[in-house]
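Trainee: Position chains D, W and L with the ligands against the provided structure of chain V, taking the given hints into account.
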Amino acid sequence: MAIFKDKNYFRVDLSKEPDESLWMRCKSCGELVFKRRIRENNNICPNCGAYFFLTAKERLESLIDEGSFVDISKPIMDDDPLEFTDTKPYPKRIEEAQEKTGLASAIILGSATVSEIPVVIGVMEFQFIGGSMGSVMGEQICHGMEEAIRRRVPFILVSSSGGARVQEGIFYLMQMAKVATVRTRLAEEGIPFISVMTYPTTGGVLASIASLGDVIIAEKGATIGFAGRRVIKDTIAEELPENFQTDAFALAHGAIDRVVPREDLKDELGKLLSLFVEVG
Amino acid sequence: MAIFKDKNYFRVDLSKEPDESLWMRCKSCGELVFKRRIRENNNICPNCGAYFFLTAKERLESLIDEGSFVDISKPIMDDDPLEFTDTKPYPKRIEEAQEKTGLASAIILGSATVSEIPVVIGVMEFQFIGGSMGSVMGEQICHGMEEAIRRRVPFILVSSSGGARVQEGIFYLMQMAKVATVRTRLAEEGIPFISVMTYPTTGGVLASIASLGDVIIAEKGATIGFAGRRVIKDTIAEELPENFQTDAFALAHGAIDRVVPREDLKDELGKLLSLFVEVG
Amino acid sequence: MSDEQTLDLLETKIKELRELNKMDGIDLSSEIARLEAKLTALRKELYSNLSEWERVKLARHPARPYALDYIGMIFEDFYELHGDRLSGDDQAVVTGLARLDGTTVAVIGQQKGRSMEENKLRNFGMPRPQGYRKARRIMRLAERFSFPVITLIDTPGAYPGLAAEENNVGEAIAVNLETMARLRTPIISTVIGEGGSGGAIAIGLADRILMLENAIYSVISPEGAAAILWKDKERVREAAAALNLTAPRLYELKVIDEVVPEPLGGAHKDPPKTAAALKDALLRHLSELMELSPDELLKSRYDRYRGIGRYRTLTDK
Amino acid sequence: MSDEQTLDLLETKIKELRELNKMDGIDLSSEIARLEAKLTALRKELYSNLSEWERVKLARHPARPYALDYIGMIFEDFYELHGDRLSGDDQAVVTGLARLDGTTVAVIGQQKGRSMEENKLRNFGMPRPQGYRKARRIMRLAERFSFPVITLIDTPGAYPGLAAEENNVGEAIAVNLETMARLRTPIISTVIGEGGSGGAIAIGLADRILMLENAIYSVISPEGAAAILWKDKERVREAAAALNLTAPRLYELKVIDEVVPEPLGGAHKDPPKTAAALKDALLRHLSELMELSPDELLKSRYDRYRGIGRYRTLTDK
Ligand SMILES: [Zn+2]
Ligand SMILES: [Zn+2]
Chain V
16 MAIFKDKNYF RVDLSKEPDE SLWMRCKSCG ELVFKRRIRE NNNICPNCGA
66 YFFLTAKERL ESLIDEGSFV DISKPIMDDD PLEFTDTKPY PKRIEEAQEK
116 TGLASAIILG SATVSEIPVV IGVMEFQFIG GSMGSVMGEQ ICHGMEEAIR
166 RRVPFILVSS SGGARVQEGI FYLMQMAKVA TVRTRLAEEG IPFISVMTYP
216 TTGGVLASIA SLGDVIIAEK GATIGFAGRR VIKDTIAEEL PENFQTDAFA
266 LAHGAIDRVV PREDLKDELG KLLSLFVEVG
Chain D
16 MAIFKDKNYF RVDLSKEPDE SLWMRCKSCG ELVFKRRIRE NNNICPNCGA
66 YFFLTAKERL ESLIDEGSFV DISKPIMDDD PLEFTDTKPY PKRIEEAQEK
116 TGLASAIILG SATVSEIPVV IGVMEFQFIG GSMGSVMGEQ ICHGMEEAIR
166 RRVPFILVSS SGGARVQEGI FYLMQMAKVA TVRTRLAEEG IPFISVMTYP
216 TTGGVLASIA SLGDVIIAEK GATIGFAGRR VIKDTIAEEL PENFQTDAFA
266 LAHGAIDRVV PREDLKDELG KLLSLFVEVG
Chain W
296 MSDEQTLDLL ETKIKELREL NKMDGIDLSS EIARLEAKLT ALRKELYSNL
346 SEWERVKLAR HPARPYALDY IGMIFEDFYE LHGDRLSGDD QAVVTGLARL
396 DGTTVAVIGQ QKGRSMEENK LRNFGMPRPQ GYRKARRIMR LAERFSFPVI
446 TLIDTPGAYP GLAAEENNVG EAIAVNLETM ARLRTPIIST VIGEGGSGGA
496 IAIGLADRIL MLENAIYSVI SPEGAAAILW KDKERVREAA AALNLTAPRL
546 YELKVIDEVV PEPLGGAHKD PPKTAAALKD ALLRHLSELM ELSPDELLKS
596 RYDRYRGIGR YRTLTDK
Chain L
296 MSDEQTLDLL ETKIKELREL NKMDGIDLSS EIARLEAKLT ALRKELYSNL
346 SEWERVKLAR HPARPYALDY IGMIFEDFYE LHGDRLSGDD QAVVTGLARL
396 DGTTVAVIGQ QKGRSMEENK LRNFGMPRPQ GYRKARRIMR LAERFSFPVI
446 TLIDTPGAYP GLAAEENNVG EAIAVNLETM ARLRTPIIST VIGEGGSGGA
496 IAIGLADRIL MLENAIYSVI SPEGAAAILW KDKERVREAA AALNLTAPRL
546 YELKVIDEVV PEPLGGAHKD PPKTAAALKD ALLRHLSELM ELSPDELLKS
596 RYDRYRGIGR YRTLTDK
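Residue numbers (my numbering), protein chains in the order written: chain V, 16 to 295; chain D, 16 to 295; chain W, 296 to 612; chain L, 296 to 612.
So that you can see chain V by itself, here it is in the shape it has in the complex (with noise of 0.2 angstroms):
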């Protein structure tokens, strides 16, 4: 059952705690770890430092200050404008991902406070369709870049995604341009724009609003690229290095500002942002 097929439309809400089992086996170390320390360490492994997956709500709650939040999306979802069908109707893909995920789409939306600073930050739900960017990405993130100016704050978006939204096919690709023109009002109203890539930030997404950061950051062990490996490899053939399209090769390679561990992230976001804005 789609959670959002009757039109109603679920505000994000940080404060609902998610019941879930108490233990979890560590992939990296092989522990038992508690589920909840894990989460209340940003869903790092206390004992070997490795990183799960974060959502996008558990990411929001890592970055921005407790109780900060207010979703500011816009109260839409997305439609069907090709009828796609694959193995599987578009439909019926979108309320699978919305009952896995609680979320009206692939992206949320808000104000919050970073290190007390008022932003508007958008985040992407890899598990959401792998976080590919279909028209109701496209429209959230626009939506959020003009509220950012309307309230004269500074923009995050935090990228996951896997880029194209294949089922929407060329409206996919309008998206692309559509983020493209809406942020050259930002710099044209002198609003940042941070946009923070962490795992994986690629295709479409990553050839528009993911590279149009007037600071980029990654998150430590993110992957960044326009073509995925397979693509490579069934067009080409080509040999790529062990550290291809990693953070690493983002940083060599000026893609990048810098690559910071996710313990880190909060922190310098906030102090980055304080920069752009007058404090005190």
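Incorrect hints may appear among the rest.
Straight-line distance between alpha carbons at most 25 angstroms, and here's what the computed DMTMM-like set of lysine to aspartate or glutamate pairs gives [to be verified]: (1) K594(L) <-> E204(D); (2) K568(W) <-> E306(W); (3) K594(W) <-> E203(D); (4) K564(W) <-> D303(W); (5) K42(D) <-> E257(D); (6) K339(W) <-> E349(W); (7) K89(D) <-> D598(L); (8) K89(D) <-> E114(D); (9) K526(W) <-> E253(V); (10) K594(W) <-> E203(V); (11) K286(D) <-> D396(W); (12) K549(W) <-> E98(V); (13) K415(L) <-> E461(W); (14) K248(D) <-> E413(L); (15) K89(V) <-> D611(W); (16) K107(D) <-> D527(L).
Simulated from the structure, these hints should not be mistaken for laboratory data.
Mentor: Showing chains D, W and L with the ligands alone in chain V's frame:
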């Protein structure tokens, strides 16, 4: 005797025929050829096609419509702000260069037409202290750009320079900044600037005005590069490929728009200019 | 043998008959006329019911005119410009200045090759970051002198590979989009063959988007979609249909502004005629756009892209 | 042993005596005081008559503070930014945002290394095109947010070599000059060590140019000039003198705006004191520049560079 020593400034007059011996032997094919025929053939050997060096006056003649040249340079010549002496006093070098070239400085500046399109054109004289850029060349280039703006005609600069006028020290370096600064006005006024790179276009001339053309055309055989082979050898002793700093190297690395044989240069310029100016 | 090949064979036979007809004592005129009528009818039937996959094949037809072919037929005085000024000159992208019916324009085209050698030079029409940055440089040049920008899209996609990632192809495409969004001169883009995803839109953000009748514009190739979405490489026809990649369909979806007609059988059947149709369309759109001031132009371009996308509105609860 | 080394030795001896003095029953206070007075007098004599060549050696002194040292001492909250967004991150150029007495500024510095390893990373302070383009990107960022730009120059020159030419170092420098000429925010450049020719001015077109007292700014190294102009590698002192490369001389020539004093013996004798003097100068100039509107700023910058150069006027005949 320094011809400009007495502070009388002779403007360049292309109609004066230099007297010269009748024959010369081509260094490339070894044939004896009529000097006059070479001259009429853009200093290209009529037998083997080798390019001979062009003086600035010859270069001008080869590029513009006959009889269209009017010297519009400022009546200035090199000073000696640092009272510079190496193995020879700088003023002595200037005198010798003036005597050798019959020019006041290392650049000729005038108005002319190319394929009947009015332009302001500057041509560097490599035989004048290696075509190096001192305060006078900087001032003449800026004056030329201002004249192009005033007349609303394209500006053409034909470079042939080793780069630094070392004897003017910091004033040479500041010419790089000066010409780049004034060049921004051409852009703001929508006046086209065609940079023509000939043998050689190097050092601070390459690293300032010559690289800032809206369109950059290199003559076939031009050497184009920032640091000389000798500097590179002395500094880092690197192995350099055979085509290093050739016209083909510059083209392959995206530094220039076209490589053009000398005999086509005038026609190409005319064709290109016609795209920038209303014709008819 | 495909239907198209059968028709091509028939066409050849008619030509041979026509040769015979020139010889003394043989009059085949009426037979030839009937055969020609038949051929036209068959062609019309075949091409009026082209499937999406058949259009894909037409869009990629090796005899199809490429960017430089159209440039030669549509513009005068094309003066090619090279290089990104940074590190290279990518020949999969052709740029230059030219005259379109007297107006100087900047032309940017993606260029495929026909021979193996040409394809090596043109990288099969797959631009590298250097190509996108060359295009960007020419756009800025065009803006400086108020030259309209005409782009011709024909690429399977941006070149995927190590060197492309090392030169930040993502940035190259993204900043092109940003640049085109605010370029203070008209931009008209035409998909003349393959519009391959991000590699296409990187020169495709425009005031007007045209497509030749048999061109395609798609987020992924049908082959790629079949392999990834259907997990079955053979289901390309199904994928091609699902992707909504044809010009008529994209016009219905209001994403493109005009479908430029091609001769029966595809652009390669009569390149000059195709070029004439495209030239006519370019001139029409250009004359409309040149009525607008730069600010009006930017506003209308902004509004177009700000509004693009299809989604459902929900009740806020 | 050089004069400077002799004085350093004397200083060490005084320190040793001071240690002895702390022990019971020994009172060397008056002897130490006399030795210290002597040392100061000798230093003053030595450094008030520094030859140009001696200043060159001070400017290159391995203990001399480098860009990051000054950044640490002068600015707060330095946040380093990396990469040219095109193809690389050149560590011979350090860029970032920071606070100067509360004002956010963009900082661009050329960075040398001390150890062999550091120098490998920093390429001996010789920037590659990627470094100049990183600087350009930061300038544009600064302009967007009206952050003043502070550049710290310390380079033997732009890196000469194959890779630099392949990446069009000429363009990199030229376009930086063009960019700085029209950047709508204040720019203050300080030569803190070596100002090596085109490699220096590529981040040195500014509203105010400062030099530390023992910094040098030159079109060519004295060694290069000796070899090329005097055809004698030994004549470096003569070359250094002829090149007019010292801060006091360049101030006399009205090319730079201020000479920032260094402690006796050079910046490395008291880095915090040098940094304090530089900070004071930066704040003074910045507060003047921030009084100007962007248009006034650009006009005054334009006029400065339009007017620079020395030539003789002749009678037009
Ligand atoms: Zn673990
Ligand atoms: Zn010959």
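Trainee: Could you work out which of the previously given hints the structure breaks and list their numbers from low to high?
Mentor: none
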